[in-house]
Amino acid sequence: MTAPAALRHLRRSSSRRRHGDLLPALAFVLPATFGFVAFYIWPTVRGFYFSLTDYSLLGPARFVGVDNYKQMIDDRLFWNALLVTAEYVLINIVTQTVLALLIAVLMHRLTRSIVVRGIIMLPYFVANVVVAIVWYWMLDPQIGVINELLNAVGVDRLSFFGDTAAAMPTVALLNTWRHVGYTALLIVAGMQMIPRTFYEAAALDGASEWRMFWRVTLPLLRPVMALVLVLTVIGSFQVFDTVAVTTSGGPVNATRVIVYYIYDQAFNRFHFGFASAMSFAVFVLLVGIAYVQLRLTRAHDSDLS
Amino acid sequence: MATLQGFDQHSSESVKASAAAMDGAARRRGVNWGRVAGWVALAVIMALTLFPFYWMLRTSFSTTRSLASGSGDLLPVDFTVGAYRRVLGLASPQEALAQGGTPASLNFWRYLMNSVIVATIITASQLLFSAMAAYAFARLRWPGRNKIFFLFLSALMVPPIFTTLPNFVLVKNLGLLNTYLGIVLPSLLMTPFSIFFLRQFFLGINREIEEAARIDGAGHARIFSKIIVPMSSAPLTTLAVITYINSWNDYLWPLLVGKDESVRVLTVALGIFRSQTPQGGSDWAALMAATLIAALPIMILFAIVGRRIINSIEFSGIK
Numbered sequence: 003m004t005a006p007a008a009l010r011h012l013r014r015s016s017s018r019r020r021h022g023d024l025l026p027a028l029a030f031v032l033p034a035t036f037g038f039v040a041f042y043i044w045p046t047v048r049g050f051y052f053s054l055t056d057y058s059l060l061g062p063a064r065f066v067g068v069d070n071y072k073q074m075i076d077d078r079l080f081w082n083a084l085l086v087t088a089e090y091v092l093i094n095i096v097t098q099t100v101l102a103l104l105i106a107v108l109m110h111r112l113t114r115s116i117v118v119r120g121i122i123m124l125p126y127f128v129a130n131v132v133v134a135i136v137w138y139w140m141l142d143p144q145i146g147v148i149n150e151l152l153n154a155v156g157v158d159r160l161s162f163f164g165d166t167a168a169a170m171p172t173v174a175l176l177n178t179w180r181h182v183g184y185t186a187l188l189i190v191a192g193m194q195m196i197p198r199t200f201y202e203a204a205a206l207d208g209a210s211e212w213r214m215f216w217r218v219t220l221p222l223l224r225p226v227m228a229l230v231l232v233l234t235v236i237g238s239f240q241v242f243d244t245v246a247v248t249t250s251g252g253p254v255n256a257t258r259v260i261v262y263y264i265y266d267q268a269f270n271r272f273h274f275g276f277a278s279a280m281s282f283a284v285f286v287l288l289v290g291i292a293y294v295q296l297r298l299t300r301a302h303d304s305d306l307s
Numbered sequence: 123m124a125t126l127q128g129f130d131q132h133s134s135e136s137v138k139a140s141a142a143a144m145d146g147a148a149r150r151r152g153v154n155w156g157r158v159a160g161w162v163a164l165a166v167i168m169a170l171t172l173f174p175f176y177w178m179l180r181t182s183f184s185t186t187r188s189l190a191s192g193s194g195d196l197l198p199v200d201f202t203v204g205a206y207r208r209v210l211g212l213a214s215p216q217e218a219l220a221q222g223g224t225p226a227s228l229n230f231w232r233y234l235m236n237s238v239i240v241a242t243i244i245t246a247s248q249l250l251f252s253a254m255a256a257y258a259f260a261r262l263r264w265p266g267r268n269k270i271f272f273l274f275l276s277a278l279m280v281p282p283i284f285t286t287l288p289n290f291v292l293v294k295n296l297g298l299l300n301t302y303l304g305i306v307l308p309s310l311l312m313t314p315f316s317i318f319f320l321r322q323f324f325l326g327i328n329r330e331i332e333e334a335a336r337i338d339g340a341g342h343a344r345i346f347s348k349i350i351v352p353m354s355s356a357p358l359t360t361l362a363v364i365t366y367i368n369s370w371n372d373y374l375w376p377l378l379v380g381k382d383e384s385v386r387v388l389t390v391a392l393g394i395f396r397s398q399t400p401q402g403g404s405d406w407a408a409l410m411a412a413t414l415i416a417a418l419p420i421m422i423l424f425a426i427v428g429r430r431i432i433n434s435i436e437f438s439g440i441k
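So the sequences go chain by chain: A and B. Our numbering applies: residue 3 is where the first sequence begins, and numbers increase by one. Our numbering applies: residue 123 is where the second sequence begins, and numbers increase by one.
Calculated from the structure, these hints are not laboratory results. If you're wondering where the values come from, they're calculated on a predicted model, not measured in any experiment. It cannot be assumed that every hint is accurate.
Some chain A residues near chain B, calculated using beta-carbon distances under 7 Å [what the hints assert, rightly or not]: (1) L24; (2) L60; (3) G61; (4) V100; (5) L112; (6) V136; (7) W139; (8) L141.
Pairwise CB distance ranges, derived in the manner of DEER restraints [as the list claims (entries may be wrong)]: (9) B/A163 x A/R217: 29 to 37 Å; (10) A/G252 x B/D382: 20 to 28 Å; (11) B/A246 x A/L296: 30 to 38 Å; (12) A/F272 x B/I331: 24 to 32 Å; (13) B/T359 x A/N153: 41 to 49 Å; (14) B/L219 x A/P143: 18 to 26 Å; (15) A/L85 x B/R329: 51 to 59 Å; (16) A/V39 x B/I239: 21 to 29 Å; (17) A/F36 x B/L325: 51 to 59 Å; (18) B/K348 x A/V39: 38 to 46 Å; (19) A/P143 x B/A165: 24 to 32 Å.
Not close to chain A: a few residues of chain B, all C-beta gaps over 10 Å, as computed [unchecked claim]: (20) V153; (21) F183; (22) Q216; (23) A255; (24) A416.
Beta carbons: idealized from backbone N, C-alpha and C, even for Gly.
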């Protein structure tokens with residue numbers, strides 16, 4: 003118990019005060035707590051249990067110890083899925099972060115217009131499924147407008163989703179298109195926390211915009227960028243919708259990302275225990291990634307404070 | 123309200139800051155080519171952002187049969203509203219076939235209604251129960267309050283796919299597959315984000331009004347419903363819209379538990395429509411019309427309350 007809390011307890015000696023508002027508080031948190039236990043805590047426990055069983059969804063689950071984890075480590079497709087996901091995350095995060103920084107700087111230095119911000123944000127509010135279908139159409143190998151454009155400038159038509167080398171970058175860039183405005187807005191919010199006096203001082207010293215960006219904006223933005231990176235990497239790692247709608251993991255596993263592979267194993271092949279083991283591995287992996295990222299980027303100590 | 127004012131302040135400050143920087147630059151060089159280049163870059167980015175939406179519109183008013191020959195045309199090819207008639211079940215099979223569409227009925231109204239039902243139930247229920255919990259976490263004093271709150275928050279770290287598998291088993295065992303209840307159940311009572319978001323705002327409400335009401339003998343239910351909720355109408359609206367949009371856009375969960383026609387939501391229906399490629403290529407005009415109609419309610423919501431959502435994203439950092 004913290005010191006102020008202890009003092010409060012000493013000061014207030016009546017029994018009603020000692021328990022504070024315990025009874026009404028319990029009544030107010032009860033429904034949410036029920037939801038939390040039933041749909042977050044219980045499935046976490048149960049998911050781990052399923053990962054130790056042979057379970058086809060149809061019959062009862064049979065305990066098999068760590069067999070699923072052994073199978074997972076020997077499964078070439080599991081490692082392929084992780085690799086493909088890493089490729090996706092890399093392309094997605096790098097393009098998204100660089101573009102978002104560019105857009106954020108432009109917005110920060112040029113305009114606060116709500117219309118500009120609204121347009122930049124718009125794709126983020128449209129469903130993944132919608133975005134995937136529109137781009138699937140625009141990138142159609144025969145009559146898609148992008149290929150029409152490529153053709154006009156003398157580049158060969160490309161089957162963006164059907165080509166093993168092109169499919170993953172295509173899916174990744176498509177999601178960059180959807181998320182970049184949102185990421186840019188988060189970064190703009192961070193930029194607004196930088197005191198304007200820093201820019202005034204830099205301007206007085208005759209610093210160019212380019213120099214201000216590298217010497218003022220970027221260093222002071224580090225905590226915000228760290229948070230943005232953790233959030234986008236974790237979100238990006240769990241890509242599913244776009245793959246499910248466009249490529250279904252193909253061609254030849256080129257886009258079979260980990261969440262799609264888990265979905266496929268659980269609901270198409272009924273290897274529910276195996277799928278649970280993989281999803282537990284993803285859970286551990288994501289917590290690890292978030293921890294390492296936060297340590298590396300020292301998100302908590304800001305240069306401003 | 124406090125946050126909105128805070129942001130106006132910020133914005134006027136940054137406007138002043140960039141204005142000051144601009145003056146300095148302008149004095150040195152006359153025309154500031156850097157700013158011109160910046161605006162050109164921003165215009166290109168906005169055009170790239172908007173083009174797919176235009177292409178959706180352009181294709182949806184085209185005749186599917188003619189799309190192949192006019193694939194590069196910027197305007198609709200053989201302008202028609204036939205795609206919308208097909209999607210909304212108004213076209214006869216002959217008419218649909220003549221335009222290169224599928225004669226099968228799409229049941230689009232059904233999916234639209236299902237999406238509305240699911241998103242509305244989730245939003246109303248989740249908001250009420252999350253607001254109640256946020257009230258207890260922000261305004262009431264009780265032992266273990268912060269520990270439980272941070273436990274709730276830690277659930278943000280659990281990847282959805284991990285809880286999705288056992289939740290599917292639960293819904294299946296309860297016999298709720300292909301029911302509205304099954305689709306809405308996991309999001310019905312709370313999400314860690316909703317509670318976190320509302321708690322932040324509830325913490326900022328002035329205690330004096332609450333204390334006065336308490337002296338007048340108002341109970342917690344009354345303080346919650348007559349003081350806290352009305353005073354938080356702005357953040358509540360924002361959260362309602364965000365929740366509605368997220369439920370509307372959700373794909374994996376309704377795909378797992380609600381594939382049946384009777385409860386199929388729009389995202390699931392669009393995915394199935396996309397994968398059912400009829401002979402001779404997809405009915406792209408109808409697919410784009412359907413996609414546009416599916417996205418339209420969200421775009422209208424965004425046009426109405428977008429400013430508020432954008433401000434709150436800048437405020438809370440995460441969604």
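Status of the hints after comparison with the structure:
1. L24: holds (4 Å)
2. L60: Violated: closest Cβ of chain B sits about 10 Å from A/L60, beyond 7 Å.
3. G61: violated (13 Å)
4. V100: Violated - the Cβ of A/V100 stays beyond 7 Å from chain B, reaching only about 13 Å at its closest.
5. L112: holds (5 Å)
6. V136: With a closest approach of 5 Å, the A/V136 hint holds.
7. W139: This interface hint holds because 6 Å falls under the 7 Å limit.
8. L141: Violated, because the Cβ-Cβ distance from A/L141 to chain B comes to roughly 11 Å (cut-off 7 Å).
9. B/A163 x A/R217: 29 to 37 Å: Given range 29 to 37 Å: violated, Cβ gap about 21 Å.
10. A/G252 x B/D382: 20 to 28 Å: holds (27 Å)
11. B/A246 x A/L296: 30 to 38 Å: Since the Cβ atoms of B/A246 and A/L296 sit about 36 Å apart, the hinted range of 30 to 38 Å holds.
12. A/F272 x B/I331: 24 to 32 Å: Violated, at about 57 Å.
13. B/T359 x A/N153: 41 to 49 Å: About 48 Å separates the Cβ atoms of B/T359 and A/N153, which means 41 to 49 Å holds.
14. B/L219 x A/P143: 18 to 26 Å: holds (25 Å)
15. A/L85 x B/R329: 51 to 59 Å: Between A/L85 and B/R329, where Cβ atoms are some 55 Å apart, the hint holds.
16. A/V39 x B/I239: 21 to 29 Å: The hinted range 21 to 29 Å holds for A/V39 and B/I239, with Cβ atoms some 26 Å apart.
17. A/F36 x B/L325: 51 to 59 Å: violated (24 Å)
18. B/K348 x A/V39: 38 to 46 Å: violated (30 Å)
19. A/P143 x B/A165: 24 to 32 Å: holds (30 Å)
20. V153: holds (15 Å)
21. F183: holds (14 Å)
22. Q216: Since the minimum Cβ distance to chain A is about 25 Å, B/Q216 lies beyond 10 Å and the statement holds.
23. A255: violated (4 Å)
24. A416: violated (6 Å)
The structure is inconsistent with the numbered hints 2, 3, 4, 8, 9, 12, 17, 18, 23, 24, although it conforms to all the rest.
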